[in-house]
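Heads up: the sequence lines are chains A, B, C and D, in that order. So the first sequence is residues 1 to 304, counted in the numbering used here. So the second sequence is residues 1 to 327, counted in the numbering used here. So the third sequence is residues 1 to 522, counted in the numbering used here. So the fourth sequence is residues 1 to 324, counted in the numbering used here.
Hints were generated in silico from the structure; no laboratory data involved. Treat the hints with care, since some could be wrong.
Distance condition first, Cα-Cα at most 25 Å in a straight line; then the derived PhoX-like pairs of lysine-lysine [claimed, not checked]: (1) C:K287 with C:K391; (2) C:K128 with C:K522; (3) C:K128 with C:K292; (4) C:K440 with C:K280; (5) B:K186 with C:K197; (6) C:K171 with C:K80; (7) C:K292 with C:K80; (8) B:K171 with C:K197; (9) C:K252 with A:K61.
Please read these numbers as outputs of a predicted model, since none were measured by experiment.
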Amino acid sequence: MERIGRAWNSDFVWSFRHSPVAVVSLALVLVLVLSAVFAPLIAPYDPFDPASLNLMNGFSKPMEPNTFTGDVFWLGTDDQGRDVFSTILYGMRISLFVGFTAVLFALILGVSLGLIAGYVGGWTETAIMRVADVQLTFPAILVAMLIFGIAKGITPVHMRDEMAIWVLIIAIGLSDWVQFARVVRGATLVEKNKEYVQAAKLIGRKPGAIMLRHILPNVLSPVLVIATISLALAIIAEATLSFLGVGAPPTQPSLGTLICIGQGYLFSGEWWIILYPSITLLALALSVNLLGDWLRDTLNPKLR
Amino acid sequence: MLAYSIRRVVQSIVVLLVVGLVAFSMFRFVGDPIDNMLGQERTDADIERLRGELGLDRPFVVQYGRFLTNAATGNLGVSYRQGRPVASILMERAPATLELAAVSGLFAIVLGVALGVFTAIRRNGIAANLIMTISLVGVSLPTFLIGILLIYLFAVELGWLPSFGRGDTVKLGGWSTGFLTSSGLKALILPSITLGLYQMTLIMRLVRSEMLEVLRAEYIRFARARGLRERAINFHHALKNTLVPVITVTGLQLGSIIAFAIITETVFQWPGVGLLFINAIQFVDIPVMAAYLMLISVMFVGINLIVDLLYFAIDPRLRVDRTVTEG
Amino acid sequence: MTVRKSMLLALGLVLSCGVAQANTFKWASNTDPQTMDPHAVNSAPVLGFLNNVYEGLVRRNQTMVVEGALAESWEPLGDKGWRFNLRKGVKFHDGSDFNSEDVLFSYQRASSEAADTASWFAPVSEVKVVDDYTIDFMTKVANPLFPSSIANFMIMDKGWTEGNGAALPSKDKENHATLNANGTAAFQLAERQPGLKTVLTPYGGWWGKTEHNITRAEFTPIQNSATAVAALLSGNVDMVNPAPIQDAARLKQSGGVKVIEGIEARVIMLGFPHQADSLKFGTDAGKPNPFKDVRVRKAVAHAVNVDAILQTIMRGNAQPASQLVSPAMSGYSSANADRPAFDVAGSKALLSEAGYADGFSFGLKCPNDRYLNDEAVCQAVVSMLAQIGVKAELDAMPVRTYWPELRKDAYDMYLLGWSPGTFDAEHPIRFLAHTPNAEKKLGSWNFGDFSNSRIDEMLAPIQSEIDPAKRQAMLDEAAKILQDQVAYVPLYVQPLVWGARDNIELTQRPDNFFILRWVTVK
Amino acid sequence: MEMPVLSVRDLVVEIPTRHAVLRPVNGVTFDLHRGEILGMVGESGAGKSMTGNAVIGLLDRPARIAGGEILLNGERIDQLHGEELRRLRGKHIGMVFQDPLTSLNPLLTIGEQLTETITEHLNVSAAEARQRAVDGLREVGIPAAEQRMDAYPHQFSGGMRQRVVIALALCAEPSLIIADEPTTALDVSVQAQIIALLKRLCRERGTAVMLITHDMGVIAETADRVAVLYAGRMAELGLARDVLTQPNHPYTIGLMGSTPLASAGRARLYQIDGSMPRLDALPSGCAFNPRCSRAQSKCSQDPSPSLAAHQDRAACWFGGENAQ
């Protein structure tokens, strides 16, 4: 109890409680993530079960009974009669899955490479950081596209759809590890020369393990900030790639794919097919961004 | 400085060689070039002839060397999809992308620096906070959505600006420019805003945070303690120091503009290299992809070199004379 | 009204008059003709575009009826072939004269190995120049349809083509003829930027009677259909082909824009693997191929609710199809005009009869950039098949990778659209129904290897029969066999939807060719 | 007696936080006369820099002057804002910061920094400003001052840079200099030179100096009078000679005792137990009482007696008697 009380009163939580923006955006993120995770329970329809679709429900307007079937859909339906609300929930699942997994992949890769570079030093460090520099000169989205393009060339045609999600994750993750590596390497360089590490070396403890124990806590807050901001970037990158038709396939539509599909109905009056996924994407990216911004300000007060 | 420059140039060449290797490997190993170049009704003789022509029977290193010398002399292969030399396709498309990138880069830098300085100086003001919040919306809004929104608003609903393409262009030598016709200039507006907006917000936020950092510096306090005017402090003392880190990142951002042009060009059907590239990805047109990669990397490396040199111009600490008076 | 305002108005009037006199016509399509060489690529976008620049011996008029072009008249040489009497005084755009040497040269070029149009000349045994303005095309057997089958065979100038080193067409390399053109038609190529812009200007020396009032025509490919619609709505282009079907209603409502609708000759259908032993995709991959059983194919035919597809995805703009050609084609079998009814119960019964009461899983291949809303139609088919317990895994891809996949037999079911180039029911029998025979260039698009000896037997008589009644009887029989065997499941006839500004008058031909010389700008 | 250059009365500086309002400076009172050097000593956090910043009007938000008054040459300056405050800085009050490395703008030549300050405050031509700048540099002992005008800060050593900083602080001829730990960041060998320079220049011009430091050695060498701060309050104020040799306040005694230089003659090093309390946890009564070896019950109940300028030396109930 006391610990909870202390945590509740800690500066971090205090400044969170007193930042309406942070509270609202965290609430929004939680609502969106939870509704994506529990999409199968929340969504009134399963948009991926073709047997449940009735083509005659196609293009139902939001909250209005369909002319042929009389069914009512909250946010309307798309050309196939799929409930837009359910599709958004499932699409967000894919967007978030790709986003989270890609960031996790980038984080693990970046943190390990940063640790190795900072700790081992010498030739290894030069090699890793050179690669990082080179990659940093290329925008993430381009790197992701290239990886996607190459993967598309390598995978057999019929595997492309199945592989697409994983290719996306790897492409976005690989394009995003550099920031993590840089921060961790910097912290490692500082920590490496501290006395306890030298002492640990002297008494024959494995310094690597010690470093891990001491460095990770030190870099936790910058890594958290980078991860949050990266998550927003990854979600947008995924949406962009899918929109360009080099991302999630229509069989596993993410928010970007839905917007891409909806764009075809921009002028035909079925505005809900593009509007609602766009709003969802914006809400998701904005709330994660706001949270990241707040985290950066709070954990890194000198930037406030 | 000379040593430094030489080192940078050598590094750039290494980068280009690595990128070249990636590009070559793509060409060589992603999909069978023979398969892609010959149609359905090919004969074994055709395959052998092409294999010889392309030198695919030689050792890898020889092939790579040949690829590089070809690339250096402007021979980038033939597009699988269009059946035309990639180099000439790129030459046709490059002006469109470069003009778009230049205009949106200018837009992003001018507005980004101005707004960044403004929000840093008035960091507690209502307007500054509003701008910061809007900028977060801007960062969270994917480029393609901005483009669609702008088209819908300004082209379809209001009918003020064209929705696609470059308008009329004028040929100047081998360069087709849209700067000289009114329709060309009008056509530039929406894509430039779309492309520049994201970079603008990034530059703005960067300038703001760097400026805030600088404004906290001791020499700014000292300048205040000396009774200098706020304007002199902000624009003479702080801005100059802010620009040093901003230049690096902005240089990188300019590189990204060329890459992000892919999205804008798709939305606006802007006939540049980005649109070419995205089509190449969809059709797995490897020579075009490889050539685009090489072209972009040459541009990036060039931009980076320029940025490094700009550094020298702005920051006296990096210049050669390091005479120190003992005291 | 103030003086200033009226002056501005007057100035505006002057300016708009100036523009009106210049009559620049801009149009957009989703694909760029990939070459300017009329023999290098046999695809509708290329041939349709080049029909404005090059001409054939014959051409089709607004209602698809064949009429003379570079040939003033033609007559059969018994059952040995056809004689064409060429038009005199025709000049190519570069000023050189047109004569029978050019026709012979073009024949040799278009039928060469390097050309993509060689299959058109499969029936031809020999071409003989009689004199400067007379030329004979000899056929192996009697071929009453030959003149109408070569409406897209375009004539190039021998001197120009050879002189520029383009004696043979080039599919995968650039040559002079892929970027330049020298035809005889009403328009000449003024500027060509592949993938960006192509400009045509009227040819002053054209032999025909000018019906258009265009002074300059600019073509821009716009891949993204929404962008194309935006361009039309905002007046950046005068015409788009195609206009997205879903936008037709909106375009009709908005001022200044109209929609031109028609029925294309193209029939959209589902195809099956008739010879494959096992399924290749889905969870049942490797299990025996159920589509070999006609009852399963019938079940599929009854499971697809074509009316629903037309109602929603096609927005009521298309008509259901019962056979491989649309009613507008010659040789259409009115006797077999009924298509299988939508009947889930009957479909399920057929399935359990065939031993698939619990359904099965397979892979459906589909293009996503070839036909109107092709992918959406496939998705709808997937959900309709799901109602009868058959699980289709959809794999949609660009057409460039689609055809190679089909040629590799990498499908369990596929979507195909077929537009008979001859506007006759014989055409799909030759390409889609006859047992594949590479040597005779027959059944070349019969990916599923459908084979029926009676059909194979009837093709030659259908091709050579002169008596319409006898011919129709054979075509009726063929249509019946294909329906009974469910060789394909014809779904609907694809609609043609073009969008244009109100001040544009144009003619929409059912083959989806856009002919500039019928355009007037008001 | 002539009017003091600086007169601080009951100065209170507050920092509102979410838990409480902190008072880093709480009722500080002192005078500073022309040509006089007042040493301000105390541990870090005692409020000496805060006092200096309050005087020159450079308190960082949310810190603010909450009470008392500050008079410069008889005029109140604690309520000035914006433009008036700006004109005061540099022109009437100069400041020298601790670290010469960071006090100078790295991207401007020292000539630019000097002339911009001079033209800002003195109505002189550009040429004259430059001449004054060169003179200023010469005065602080920069060799080849003319040429060095166009050098950038990084081309100077630390000591030289601090000389430049002093030249900058003095160039508009202010009547008061606030030197906030001017030698702390310098090499020991250079410290004495800088202190000597500062002392000489101020004596020559009659500039009053508020010398903030924690270095008793510097105080002993330089200051005319000494103010000892503890937890935002003035503990002791008196002539340097007296305070250093005969400290009255128990804290000062401890401070002297823990300073090697001053305690050289004593038998043992005197150590104060514990550390200065945090501002948000000040004890009741005299802030020093928990650490004071002489504390009595009175000390924990009543605040220590206030210290009126020039009257008592130490703010201690027992200071006067017990010290001797």
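Original post:
In ascending order, which of the hints set out earlier in this document are inconsistent with the structure?
Top reply: 2, 3, 4, 6, 7
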